[in-house]
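S.K.: Each chain, letter by letter, is given below.
There are 2 protein chains.
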Amino acid sequence: MPYEWIANGTITTATGFLASGVSCGIKPAGQLDLALVASQRPCAAAGAFTTNRFPAAPVLYSRALLAKNPARVWAVLINSGCANACTGEEGLADARETATLAAQALGCPPDGVLVLSTGVIGVRLPMEKLRAGIPLAAQALAPDGGAAAARAIMTTDTQPKACAVRTEIAGQPVTVAGMAKGAGMIHPNLATLLSVIATDASATPAVLQTILRRAVERSFNAITIDGDTSTNDTLLLLANGGSGHPPVSDPQAPEATALAEAVEAVAIRLAQSIVRDGEGASHFVTITVRGALHDADARRAAMAVARSSLVKTAIYGGDPNWGRVLCAVGYSGAEVDPARTSLWFGDLALVAGGKPLDYDESQAAEVLRQPEVTITVDLGLGAGQATVWTCDLTHKYVDINAHYRT
Amino acid sequence: MPYEWIANGTITTATGFLASGVSCGIKPAGQLDLALVASQRPCAAAGAFTTNRFPAAPVLYSRALLAKNPARVWAVLINSGCANACTGEEGLADARETATLAAQALGCPPDGVLVLSTGVIGVRLPMEKLRAGIPLAAQALAPDGGAAAARAIMTTDTQPKACAVRTEIAGQPVTVAGMAKGAGMIHPNLATLLSVIATDASATPAVLQTILRRAVERSFNAITIDGDTSTNDTLLLLANGGSGHPPVSDPQAPEATALAEAVEAVAIRLAQSIVRDGEGASHFVTITVRGALHDADARRAAMAVARSSLVKTAIYGGDPNWGRVLCAVGYSGAEVDPARTSLWFGDLALVAGGKPLDYDESQAAEVLRQPEVTITVDLGLGAGQATVWTCDLTHKYVDINAHYRT
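Quick note, the sequences are listed as chains A and B, same order. The first sequence runs contiguously to residue 409 in our numbering. The second sequence runs contiguously to residue 409 in our numbering.
If you are wondering where the hints come from, they were derived from the structure by calculation, not from laboratory data. This one's a predicted model, so the numbers in the text were calculated from it and none came from an experiment. Even for Gly, the Cβ is constructed at its ideal location relative to N, Cα and C. Hints should not be assumed to be uniformly reliable.
Partial list, derived from the structure: chain A residues whose beta carbon lies under 10 Å from chain B [what the hints assert, rightly or not]:
id : residue
1  : Glu7
2  : Gly91
3  : Cys330
4  : Ile403
Only pairs whose alpha carbons sit at most 27 Å apart, straight line, appear in this in silico DSSO-like list of lysine-lysine [claimed, not checked]:
id : chain 1 : residue 1 : chain 2 : residue 2
5  : B       : Lys132    : A       : Lys358
6  : B       : Lys30     : B       : Lys132
7  : A       : Lys399    : A       : Lys30
8  : B       : Lys399    : A       : Lys399
9  : B       : Lys399    : A       : Lys358
10 : B       : Lys30     : B       : Lys358
11 : A       : Lys132    : B       : Lys358
12 : B       : Lys358    : A       : Lys30
13 : A       : Lys30     : A       : Lys132
Isolated chain A (complex conformation) (with noise of 0.2 Å):
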């Protein structure tokens, strides 16, 4: 194994990243509503956004300073509570003040620092809170602060989720720490959701971009909760250097591959405590779709099948309808031999060969019992596989959406 688990990491784990949270008034009941996520030193940066049409300012803002100076980036400054999304040109000028306030209080350069936002869409940032806030929360700023800034972060999120990883890099010790937030408007176009991974590693921004985009597909590529892609689904990773080794500048150099490896398996971590904690979810269900012509196939089936609102819902109400999973790979655009196709859930086999096997009933209701469900699919057709993480459809994800501004 390339790297080890670091028990209770948080995005300050990495070496010289501090970070706050504090609650500067955007959300009602005092919340924590406002992060800063600092380097001690200039990082370089790679970043994923949101493919909706309607980008929120904050992605419009950080998309265009990391296509500028991917190279001396100093903080991200996030805020809850509002999106600042469908707010038009003001909202642009905002997302600026906030990331210019954000620099003047950390005494970086003005373009030193990303802004991220999450929360309602259509309502304009508050900005007197936000000038009263932000020279707070860079005064919060502690070398343990990772988890003050991974709950500051949330919005419908019940848990604030953040990791870290070991691993060696030019036989330099580095740490590869993240934090997410994210329970709705969850699936993948590009990244989805906020999320911040922090290394001490040393790689220019050309390596980390092509690192990212392939954690990225593994991970938060492959998650859905609802279907609904956010305006202001945004990925960073930030390399700060602090670990001492000589800069990575080959993408198929090892040391590449070795940050590669730390990099996703902190993505995926992170990807699935976001399924985890879906609205309202009460199972975390992973669909593997093998035996597929290729593998963008057995992705198109498996996330058709981790879309679809019947089988979330069976496999919230415990009932092992699993014709709702084939009608779901039959719909995707998967090539299909229904001759060929078999089905399990967990080690159960329901299908064989296109034909339902003579199962026992209780035994399928059992595997969804469980709090987390394995739905396996064999095509029969090719060496195509892929996996997604879904949750179920429950009353609470309708509770929570329904009066979601109220």
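Take the given structure of chain A and dock chain B to it, following the hints.
M.R.: Same frame as chain A, now just chain B:
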């Protein structure tokens, strides 16, 4: 108006069609579960079938029969309670046997009967019950049997769905009548759900197919309840020529247009009635996107809004969270310029030219308190437009689908 609605119309309102609905024991509680629609003269017929790659046995059977014999169809046999899908070769043999039994009972040629099934996937038809039930259904055929037939094809539907219009072709009064079922696993893809439209007009199979294909696009393919495309979706159009006008053989003729308009009216009414009866639905939602680059883009955007769990739960909760609507438009794949986009709930303008308006929140909430909600998006880019219909996502939807089989 080229057609007029007939009060309490059912499929037997069309001249020369008989129907019945009986209970043969497929459903446990003795509900009606077997419908037969039979014509007193052979029909020209057209069909649209699911694009799901696991087409049910009755879909395979009826599609093949129509390809071979579209000009001499005598009847349609429909059972509820069992979809006969994912049942392999045996399921296909069962479908064939039911068609043959119905033809025997009716005294028509063996290839004169189409079969449709709806219900649980992955379970074989209880053939003993059907062997006993099919003759009963044939005996029960009556000129006023349309209401019983519409009831016998219901699954999670709470209301039977039937209607009829009268038009005139070549000076002769013509009736177009239909019935449908469907409340879940509803998402367009060529055809969705089960529906039979019968007319006493006279037309060639080719004209009927043209008419059907166009009507489907603006009716059954413009609705979604849960985004799932079923394995059994089938729409049939039967024309028995009972009204006595000369056969319509030119799809461009004014007679074809009159028939097409009547068929489309019936198809739209049936499709809307399915949405009104959507599983657990408490709101009927009309989504219109206009100003798109082209109609296909408008359709894509409208359907993304209609499918969004977040939009649907917000409507259920009476929360005018319009950001979710723009978010869905943004990930739909349609060409969008945020600065040109405008949005209305009912008549209330919420966004104009990309800017959130200072609207009255209580007025917006009032729009959502109505049982019928209209959402209009203007993309400000071109002349493309589309209207689709959907319902909200409620606690009751989860109730119904968590325990469908149990």
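S.K.: Each hint: holds or not?
M.R.: Each hint, compared with the structure:
Taken as an interface hint, glutamate 7 of chain A does not check out: its beta carbon lies about 37 Å from the nearest beta carbon of chain B, beyond 10 Å. Using the Cβ-Cβ criterion of 10 Å, the hint placing glycine 91 of chain A at the interface with chain B is satisfied: the shortest such distance is roughly 5 Å. Interface restraint check for cysteine 330 of chain A: the shortest CB-CB distance to chain B comes to about 5 Å, inside 10 Å, so the restraint holds. Annotation: interface hint on isoleucine 403 of chain A holds; nearest CB of chain B at approximately 8 Å, less than 10 Å.
For the hint pairing lysine 132 of chain B with lysine 358 of chain A, the CA-to-CA distance comes to about 22 Å; that is within 27 Å, so the pair holds. Taken as a hint, the lysine 30 of chain B and lysine 132 of chain B pair is honoured in the structure, with Cα atoms around 10 Å apart against an allowance of 27 Å. A hinted pair counts as satisfied when its Cα atoms are at most 27 Å apart, and lysine 399 of chain A with lysine 30 of chain A qualifies at roughly 22 Å. Restraint check: the Cα-Cα separation between lysine 399 of chain B and lysine 399 of chain A comes to about 12 Å, which is no more than 27 Å; the hinted pair holds.
Pair hint lysine 399 of chain B plus lysine 358 of chain A does not hold up; C-alpha atoms about 33 Å apart against a cutoff of 27 Å. Distance check on the hinted pair: lysine 30 of chain B and lysine 358 of chain B sit about 54 Å apart at the alpha-carbon level, beyond 27 Å; violated. This hinted pair checks out: lysine 132 of chain A and lysine 358 of chain B have alpha carbons roughly 22 Å apart, not beyond 27 Å. Using a Cα cut-off of 27 Å, the hinted pair lysine 358 of chain B and lysine 30 of chain A holds, with the two alpha carbons roughly 23 Å apart.
Distance restraint check for lysine 30 of chain A and lysine 132 of chain A: the Cα-Cα separation of roughly 10 Å lies within the 27 Å cut-off, and the hinted pair is therefore satisfied.
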